[in-house]
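Student: Chains as they are written, first to last, in my numbering: chain R, 1 to 356; chain W, 1 to 356; chain G, 1 to 356; chain Y, 1 to 356.
Since the hints were made in silico from the structure, they are not lab data. Only true hints are included.
Among chain G residues calculated to face chain Y with C-beta under 10 angstroms, some are:
id: 1; residue: Thr244
id: 2; residue: Trp306
id: 3; residue: Asp310
id: 4; residue: Arg312
Everything numeric in this text was worked out from a predicted model, so none of it was measured. For each residue, glycine too, the CB sits at the ideal point set by N, CA and C.
There are 4 protein chains.
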Amino acid sequence: MKSVVIGASGYTGAELLRILAFHPDIEVVSAGASGNAGQLICDLYPSLLPHYEGAVFSEVDSLVNDLANQIQKVDIAFLALPHGISQNIVPRIYDNVGLIVDLSADFRLTDPNDYKVWYNAEHAAPDFLEKAVYGLPELTRNELKGARLVASAGCYVTCSTLPLAPLLAGGIIEPHSIIIDAASGASGAGRSVKANYLFGEVGENFSAYGLKNHRHTPEIEQNLKAQVLFTPHLLPTSRGILATTYSRPTARFQDWLNSAADREKHGSEFVLSALADAYEQEPFVFVTKSPPSIKSTLGSNNAMVWGTYDDRTNTIITVSALDNLVKGASGQAIQCANIALGLPESAGLGSLGLYP
Amino acid sequence: MKSVVIGASGYTGAELLRILAFHPDIEVVSAGASGNAGQLICDLYPSLLPHYEGAVFSEVDSLVNDLANQIQKVDIAFLALPHGISQNIVPRIYDNVGLIVDLSADFRLTDPNDYKVWYNAEHAAPDFLEKAVYGLPELTRNELKGARLVASAGCYVTCSTLPLAPLLAGGIIEPHSIIIDAASGASGAGRSVKANYLFGEVGENFSAYGLKNHRHTPEIEQNLKAQVLFTPHLLPTSRGILATTYSRPTARFQDWLNSAADREKHGSEFVLSALADAYEQEPFVFVTKSPPSIKSTLGSNNAMVWGTYDDRTNTIITVSALDNLVKGASGQAIQCANIALGLPESAGLGSLGLYP
Amino acid sequence: MKSVVIGASGYTGAELLRILAFHPDIEVVSAGASGNAGQLICDLYPSLLPHYEGAVFSEVDSLVNDLANQIQKVDIAFLALPHGISQNIVPRIYDNVGLIVDLSADFRLTDPNDYKVWYNAEHAAPDFLEKAVYGLPELTRNELKGARLVASAGCYVTCSTLPLAPLLAGGIIEPHSIIIDAASGASGAGRSVKANYLFGEVGENFSAYGLKNHRHTPEIEQNLKAQVLFTPHLLPTSRGILATTYSRPTARFQDWLNSAADREKHGSEFVLSALADAYEQEPFVFVTKSPPSIKSTLGSNNAMVWGTYDDRTNTIITVSALDNLVKGASGQAIQCANIALGLPESAGLGSLGLYP
Amino acid sequence: MKSVVIGASGYTGAELLRILAFHPDIEVVSAGASGNAGQLICDLYPSLLPHYEGAVFSEVDSLVNDLANQIQKVDIAFLALPHGISQNIVPRIYDNVGLIVDLSADFRLTDPNDYKVWYNAEHAAPDFLEKAVYGLPELTRNELKGARLVASAGCYVTCSTLPLAPLLAGGIIEPHSIIIDAASGASGAGRSVKANYLFGEVGENFSAYGLKNHRHTPEIEQNLKAQVLFTPHLLPTSRGILATTYSRPTARFQDWLNSAADREKHGSEFVLSALADAYEQEPFVFVTKSPPSIKSTLGSNNAMVWGTYDDRTNTIITVSALDNLVKGASGQAIQCANIALGLPESAGLGSLGLYP
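Please take these sequences and the hints and turn them into a complete structure.
Tutor: Right under this line is the structure:
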């Protein structure tokens with residue numbers, strides 16, 4: 001199948017090129033980039049040289065025009081653009097492209113009012129919001145089959161939703177007072193050329209940012225149907241997201257525990273079982289016996305989740321990890337595309353984390 | 001004044017040597033190290049060469065004997081040993097040394113039962129627990145004056161106590177349901193030669209550890225007279241601790257807010273004022289306008305604290321940062337010694353964080 | 001085909017497990033580790049959990065016995081052991097295993113005297129030295145076909161040999177006065193639990209080591225039939241090797257230049273052409289237009305080489321990069337196995353570097 | 001004494017502010033920054049908050065005007081600007097400021113033609129080149145006394161000159177065929193907001209740059225009166241420079257060796273002695289027994305040098321290390337100012353490297 005990557009010079013775009021280079025069924029026929037059109041792909045990403053030698057970034061505008069005018073025909077368009085841009089492109093190419101997978105936030109919030117509140121702008125294509133299927137296979141696999149527009153889930157959102165969704169679904173934790181304390185490697189900010197992402201600022205550093213109103217909050221809340229307080233931090237790593245969450249157990253969970261000899265042990269096993277049951281059949285989500293680390297997932301589409309119960313403070317804690325550019329972005333987008341197109345779900349995504 | 005550093009080959013010991021090299025009033029006359037006795041100090045810490053050229057680590061046992069038998073007379077003994085060892089040394093040298101500053105946890109918990117519960121052992125010198133003054137100048141400055149045995153506060157503990165103590169004292173947050181989510185650089189584990197502290201394991205990594213029962217928990221609770229859930233994480237940095245805390249506002253705090261036009265703004269200012277009032281006169285604690293970062297404090301004795309109120313989830317959040325080896329250990333020990341001995345509190349501690 | 005990995009708990013062993021998990025033709029049936037026998041593989045390498053869930057390390061001794069006694073029959077044995085051990089294992093299993101690929105230095109030096117000089121020990125299996133084929137496909141591809149014992153080339157050696165071999169073969173540089181200044185990530189030391197490989201020592205650091213007599217020197221000289229001065233450095237990265245080399249041009253090269261209008265431009269193009277000609281058909285070696293970086297190769301079996309001529313000082317400079325654990329060790333071992341066994345050379349090795 | 005820092009928002013400017021905060025004799029009365037004028041100093045450098053709370057960057061133009069028009073009178077002006085700018089400022093303020101210390105390259109090359117060749121521009125103030133004293137105290141201490149314009153030496157230059165100058169002066173190495181292979185942390189590029197200095201590009205990376213024509217080459221050659229080939233590399237650290245050099249021994253040196261039983265041992269001791277003799281009295285240069293590391297100097301004004309002789313390849317190797325922002329820039333500038341003004345040379349510069 002033929003695909004284009006639009007927004008290919010950013011980190012998630014380049015990551016799509018990296019993974020698709022070895023996808024058995026999908027090839028990239030054009031890589032569009034606005035600022036870098038005309039440049040060799042391997043000038044920006046020397047790692048891509050072995051597969052993309054001589055290939056240059058095309059212009060986004062002319063690429064979109066060619067798709068809109070059926071001059072270029074492809075099966076899939078991956079949009080790896082900053083938020084606010086896809087919503088202007090999707091309506092133009094929707095009829096001519098078999099599948100659009102959008103990696104931005106543009107089509108993730110189903111209620112256009114939410115978009116307005118959190119992004120301070122009117123949505124440019126509200127009609128397409130209901131056409132879009134939210135792209136988090138562990139939650140929406142069935143809806144993804146045959147989808148034509150996928151809003152691939154965000155990185156922090158995937159890492160936070162995976163451990164919490166089964167606990168909420170199982171009536172184990174309360175749908176409020178949930179605290180998500182998370183940390184991401186510097187690539188989470190994309191290839192933003194700003195002083196605060198320089199090596200000299202990020203190295204040997206750690207800090208919290210976007211407190212109280214980070215834009216991934218409404219997306220997490222939409223997935224969980226719960227209220228969360230989300231605090232991201234910036235890690236001195238290139239990749240990786242770790243989320244540590246704290247929740248209140250439900251009265252029902254506490255009742256279960258009352259029968260147990262060792263409440264803490266019993267409660268912790270209960271939490272781990274709920275996660276294990278939820279992800280037993282999942283190809284990319286693994287329940288660990290101890291808190292996972294981001295390095296376990298580095299460069300792979302694997303996510304790892306773990307949970308426990310603290311009886312002393314009556315709190316349920318989870319820890320989860322993934323690579324923000326793979327399971328948190330481009331790997332997940334390809335996983336969604338595989339499902340939507342009826343390909344094997346793991347096609348092109350087989351790899352284990354680099355460790356060390 | 002003459003001092004000895006016992007346990008000088010560990011990271012906090014070496015940090016004492018580093019800082020004391022330029023202390024105007026305290027000199028180091030002997031640096032004891034058990035495993036490395038006889039080695040050149042600069043073989044382990046080449047950075048110390050300019051001041052300690054030719055100096056070798058002495059034997060801990062013979063150094064303690066010499067102090068116990070008054071063969072060696074010093075004004076100050078800094079003990080920078082793993083927990084469990086100081087409690088055997090202090091009784092032997094207490095009468096012969098003007099001031100002992102212990103950097104381990106041995107004399108921090110005032111109730112010997114607490115020690116037993118969290119360290120699984122009987123305390124070897126329970127009589128000395130009440131002689132010990134807890135060494136966190138911002139909390140215990142007056143008691144430190146003239147003290148003869150100081151139990152210098154722990155790194156995570158200092159970073160967690162500084163933002164929370166004024167909020168509890170001011171009746172702003174409830175003394176329970178407090179969550180402390182913190183992260184430390186690898187030096188927090190000391191110079192432990194274990195596989196999980198290798199560069200290949202810590203680099204490009206981030207993980208939670210010691211969940212639910214980290215030994216700094218009872219020390220934080222003792223300081224705050226509150227219940228906390230404390231979760232530490234391991235950062236891919238050499239130094240630095242950041243603590244992000246989440247607390248429930250008191251009913252009183254919410255009453256105050258009810259009169260405000262903009263609850264969130266008003267509440268956040270209230271929190272910041274409480275911190276600013278508490279630390280206005282402090283030489284080493286600074287209230288910032290935005291969440292601080294660990295790099296702001298790198299290599300210095302400075303701590304930075306910040307706080308805010310989230311009205312949506314009714315939560316008070318604080319973020320605080322310090323260098324775990326300086327304000328979290330050796331710098332604080334020297335600050336305590338300065339106070340105990342009547343020296344200028346900042347003597348030898350004047351420096352700003354390395355940035356970048 | 002069935003394979004065993006002996007020495008699977010070290011970094012190169014774990015890397016073999018990582019790559020072989022997705023090899024289309026080779027599966028791992030046993031992973032032997034001396035110190036960690038009986039432990040879950042994923043306890044040491046949580047990244048391997050998705051493929052090796054529940055698998056434990058077997059005992060090296062009993063595994064070797066089973067191979068020696070034909071209780072266990074496999075097509076391939078990968079030996080990923082510290083030097084000095086393989087030479088005792090190979091004679092015992094050689095007749096019963098179709099192909100042995102040894103990743104240690106034991107069978108790399110063809111002259112047993114060289115081994116004695118550089119390793120201070122008699123070789124335990126000198127008879128097998130001539131049976132061994134040196135495993136650097138770009139140099140020894142033909143000999144590797146059908147080989148039964150492969151001595152897979154070292155990491156620094158591969159990175160140094162690739163740029164220099166074509167320049168020597170082409171009569172461009174002199175076979176003496178060659179300086180190789182190289183740097184490796186911390187995984188190059190293996191999973192050695194020593195204080196100098198702790199994060200606190202390697203992070204924010206850079207230093208030279210093994211000056212004048214590093215054991216990769218004779219191996220490089222054997223490949224190049226030239227004298228080299230090799231200086232390795234330790235990088236604060238998990239992976240990656242970069243080699244910068246300096247050589248004297250031959251009189252012949254200088255003669256060629258004399259005819260050129262722009263000697264420097266002409267000379268530089270000449271050098272690049274020699275490299276391009278040598279590696280045009282190679283699946284894993286790429287000639288770049290500007291000096292390559294280690295990150296371009298991270299996690300992949302790709303090597304990148306570049307060269308130039310400095311007329312001012314009459315020096316030929318090359319820069320080359322690879323991932324020490326992949327093209328410098330485990331990836332190369334698998335590439336050699338593929339060739340030896342008649343499998344597609346790139347089987348299981350398709351990937352691009354992680355960037356960022 | 002009163003000083004101004006012009007160009008205070010860059011890394012060397014901020015480092016001047018950091019060090020001068022605790023200088024006993026020099027205070028900063030104004031910190032000029034073109035792009036960031038009006039901003040709080042601690043907004044860019046939160047580490048400076050404890051000393052510079054409330055202080056804002058002033059405008060460079062008006063600050064220079066005020067100095068030129070004697071509205072503002074200061075004893076010292078530190079210029080920490082990109083190259084090309086100081087040469088326009090110095091002539092305007094020279095008569096009104098007791099001492100100007102320029103950290104840029106503008107006044108380092110004594111021959112205006114060299115400036116033209118390496119910087120592709122006419123020098124704007126050639127008359128001031130001969131007024132300028134080159135600021136490398138170990139070479140030019142006497143000239144610095146009473147100097148009114150100091151051209152403080154470059155970072156790579158200092159690190160390369162320190163080990164090589166005594167070997168050339170002692171007739172030990174030839175003044176040609178010298179190779180300097182060096183590496184610097186990312187702060188060496190200043191606070192340049194370019195994609196290639198983002199954390200995602202520099203982290204887990206290492207690469208060579210500026211090959212053959214880096215602008216520090218003529219400055220090194222001017223110091224050494226020798227021809228060098230200089231190759232810098234970019235390290236994934238915030239700070240630090242390590243230089244590894246390779247030189248040809250003179251015939252005289254080889255003659256000395258011929259009388260020795262163990263040529264290599266004798267030659268190596270000879271090299272180390274030459275360095276030790278040269279730096280015996282120096283307050284900031286230390287000769288080590290084994291190759292130094294950059295971390296040994298982190299945050300301090302100390303430089304470490306080491307050398308050895310390799311008999312096998314007849315090469316003299318040196319390794320030297322320093323912090324590029326301190327001894328390589330701002331610390332050195334202050335050391336020069338101390339000497340020029342007759343203050344104690346080490347005033348304000350007492351500190352040891354942060355390790356770990």
